[in-house]
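Undergrad: The chain contents come next:
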Amino acid sequence: MRPFSYQQSTDPSQAVQAGMAGDAASAGTTAYLAGGTSLLDLMKLDVLRPQNLIDINPLHATHGEITVSATGLRLGALARMADIADNADVLRDYPVVAQSLQLAASAQLRNMASIGGNLLQRTRCSYYRDTSYAACNKRIPGSGCAAMDGVNRIHAVLGVTDKCIASYPGDFAQAMIALDGQVELLGPNGKRSIPFAQLHLQAAVSPEVETTLRPGELIIALTIPAGPHTARSGYIKVRDRQSYAFAIASAAVALDIGADGIVRDARIGLGGIHYAPYRATAAEAVLRGRALDDASATEAATAALQGAVTHGHNDYKPELARRTLIRALIHVRDMPVAGAN
Amino acid sequence: MSTTTDPNPPIIQGGIGAAVKRIDGPLKVTGGAKYASDMAVTNPAYAYFHTSAIALGTIIDIDEGDARALPGVIDIMTWHSVKGQLNPIKTFSEGGTGGTKILMMQGPEIRHDGEIIAVILAETYEAARDASHRLTVRYEERDPVATFGDEGLVAEDATLKNAMFKNVQVGDADAALSMAFAKVDQRYSTPPHHHNPIELFTTTAFWQNGELTIYEPSQYMVGTQHGVAEMLGIDPARVRVISHYVGGAFGSKASVTDRTAIVALAAKRLNRPVKLVATRDQGFTIATYRAETQHRVKLGASEDGKITALIHEADEVSSQPDSYKVGGTDMTTRMYAIPNITSKVTIQHADRNTPGFMRAPAEVPYMFALESAVDELAYALNMDPVELRRINDAQVEPVGGLPYSSRSLNECYATAAAAFGWSGRNPEPMSTVDGDWQVGWGCATACYPANIAACFARVTLTATDAMVEVAGHEIGTGAYTIYAQTAADRLGMPVDRVSVLMGDSRLPPAPVAGGSNNAASISNAVAVGCAMVRDQVAAAAVADPESPLSGRDPAKLTLADGTLRDTDGTFEPLADALARLGGAVEVLGGNEPDSVKLGSLAGLRSAKLAFGGGFADPKKVKASFGAEFVEVRVHRLTREVRVSRMVGAFAAGTIMNPITARSQLMGGMIWGVSSALHEATEIDPRYARYTNDNLAEYLIPVNADIPNVDVLFVAETDRDVNPLGIKGVGELGGVGTDAAVCNAIYHATGIRIRDLPVRIEKLLTGAV
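Chains V and W, in that order, give the protein sequences. The first sequence begins at 440 in my numbering and counts up by one. The second sequence begins at 575 in my numbering and counts up by one.
Hints listed in this document are in silico derivations from the structure and should not be mistaken for laboratory results. Please note that the accuracy of each hint is not assured.
[To be verified] On the chain W side, residues computed to face chain V include the following (Cβ under 10 Å):
hint : residue
1    : R642
2    : L644
3    : P645
4    : D704
5    : I1257
6    : D1258
Predicted, not measured: the structure shown is a model, and the values here were computed from it. By construction, the Cβ of each residue, glycine as well, lies at the ideal position given by its N, Cα and C atoms.
With the hints as extra help, turn the sequences into a complete structure.
TA: In structure tokens:
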């Protein structure tokens, strides 16, 4: 691991100032350290080489809240994955959020990882994570993509370009994007709030830049608006073993179904298949105003995978993702919901 | 001195077969057990390997950049500083202790992915790793040959350079096949596997007065000692290897690797201890692995289910210079009573590191092929697969016409089938559904040769306790415990009075902990030592007119319950019996099995290893057997496979300790699930490099993947196999499991998976 400077911040403004100062001194190589479950691994592998770390864990005291209110769910950026997954209000009103966290990583990692950091986790592409491979546009812009014609079973089929086919590995992000989550940011010029769907760049155009975060900006909270769909929601994760594995396909689904069985609203996020967190709006449109049955679910799932591009080992992914979404839609349709029709 | 008659029968607490909890358990769960890298040394320097990023080519130069100037960096060794200082040593298959002919850091040539090309020595591990990241190596790269399907693979008949290995030709298999009522002709394959023991490949080395001490996890104390000495060109007597506990090995820590000698050279260069903990990904390339295999299996049977023909042809990958093979046809051709058999094994040389032993090296891939084909034959015959195996059972193996010393396979099937509820099975594929899950049942045969080798053991008896000393290995199996039990049994002493010292090459030599031989080899040697102790104590007692046993037949005296006693109950307290021998007796026992060549005991002192038993015995074939039953569930849409139940019944002669044996067999079955559903090392064929060289992407089962595993023992007494009747259980449990899983998947889904591992994409067929 390369030497780095380290300081703790107990106040978000101070953290941002420290981040800006560090960047000024070291050409933009400051990183915020929260749970460290992704950052420290990648530093040990020499993939990420920050020169300054601003440890924001002390912010947990002021930015670790989990609040469910009439307006929605609010999560302080330092809330731990495990705490959110176990929260009774979240389990009742936002099951897709709780499930996406329960099914992620391992208990040890969920205890460490912050929810803000979780959204920013990096791809599991082997060629990105191993610096002995020369070609990786994400690590070294312009160097090429070793995965394109290499071992790419876990790689993305949507949002990919000829520059990069890495898949976004997260679970919770699919719930966030499905539920219209918002991200509250603090930067050198103050606060701003953006839709989560705008946090990640949606296509691999410049793979070395993954987010729209501005220099020094810090995620301080996440919000998910309340709605009639959030209680009838769930997350299906398909993976190669039953726990502690990344999704090869996953679906976050929330549904508002009327007493007549007609879908009033459908929210769908798909994981394991896209370059970034992915909201399947085309699939949602198929379902709105229709009864959810095998036929409409299949039609919606097919719409969600339109335009998929595969590279050999991942040829199976569009079909698996399609089936995953069908399974999730039927599962969520049939789930018992307290107080529902 | 009064003559005493004891009304109570002797009690042996914790003898052979007793359910003794492992004696090192508390140390292990409290962190008190010192593994090799836990051993303290004064002022160590830390080594970090820089490994090659190409598989084939030449190093043009290594630009150190600012690495050498980093605070804490002491030195950077490259091939220039190691060349000529390492001697090549013979591999196991050549009668030596090495794993490969590829000697690292002897020149600029790179012969496989991840060769050691530089050693950074620093005051801290972190500084050494940082320096490694700052090296820039320029290569002249050539196109490597990676694996099956690549042009440029060099085929070699496996019998050419493996003198002991033979292809089988019995009867006329082609003719029998052409006349068969039912036939199977299929191809199967297994991927590369890496052992991935939790404990990494570590080496700590230091020199003192010209003597080299090495702390390193080893499955072969004497082999490591002699192999390193030979590699460094020094007297083996000046090398001491210490390895009290091994944190998983599975074959990977059996052969000597260059890393050990390289770290020893570094320690000499710095004149201080050097400590290496190689990284997880480096473990994929600086040691061995299970290479990928391909099989074509043809089976023919008559209408009544008698198998009339077997043709088993297989290909295995090895490195360019080494002709390593596992050759599992030794086992598959002897499995059933088949009159016409042909087998052929071909080695395919590629630009890869040399493969080596991995838990049931031959049996896991080869029995997957055979036991899958047998299941396919059962369907072709419309016959129950258990019945098919039962009627083709071989009490005399069909290749050499030798009887099995014991073979309880049918009893294993009967026991496991009853426990599993097999008789309720509807054989029709896709016949059972539970909600969204298709349910299937499958079974397969487990087997493993009962190997044994010559072994020494020192036994010391005092009036209150006993000690066993042997350069054996605790690789997680419960070895300390069962050798204590053996001595307790033979010395008539409670097991907690027996201490066992192992894991030091200065102790009496023991063979490699491989091929499931150690339980038999070491326990029998301990028993010999105990018998020698008894002989001395008994001879002295009967010769002493003062003893209550004076004049008795010494052959009838036994050590029991703190006494030396005769069959009529007359006894002398042990303290009295030992007093006339100075209070203690110490002997060096040695066991040289009948079936190994004479002189193997002496040869062991210089790490010349010879296995007996198994297929090496000229009179009988010696092997353990088991039957495994698996239930799987496959999701109708997304095709995840979940193993929901497993039952295995095993017959392996004397079970030394049902607790530790159960763990071994259960662990084997779990690994079988892993090899069926999870494990595969992925190779980028363009570069001949492993891409998933970490435990996030190299999948092994987690707890959630493993249901309750029932391990049943079928009683079996076999005094032919060796004096204590031990067959060994370390490798048995993992054999056949992957066929049982795939056979169950076929039953659940109607889809036959012939290429491991099972992956979701292989089951995504048909419309939804």
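Undergrad: So, for every hint listed, does it hold in this structure?
TA: Going down the list of hints, with the structure as the test:
{"no.": "1", "hint": "R642", "result": "violated (15 Å)"}
{"no.": "2", "hint": "L644", "result": "holds (9 Å)"}
{"no.": "3", "hint": "P645", "result": "holds (8 Å)"}
{"no.": "4", "hint": "D704", "result": "holds (6 Å)"}
{"no.": "5", "hint": "I1257", "result": "holds (8 Å)"}
{"no.": "6", "hint": "D1258", "result": "holds (5 Å)"}
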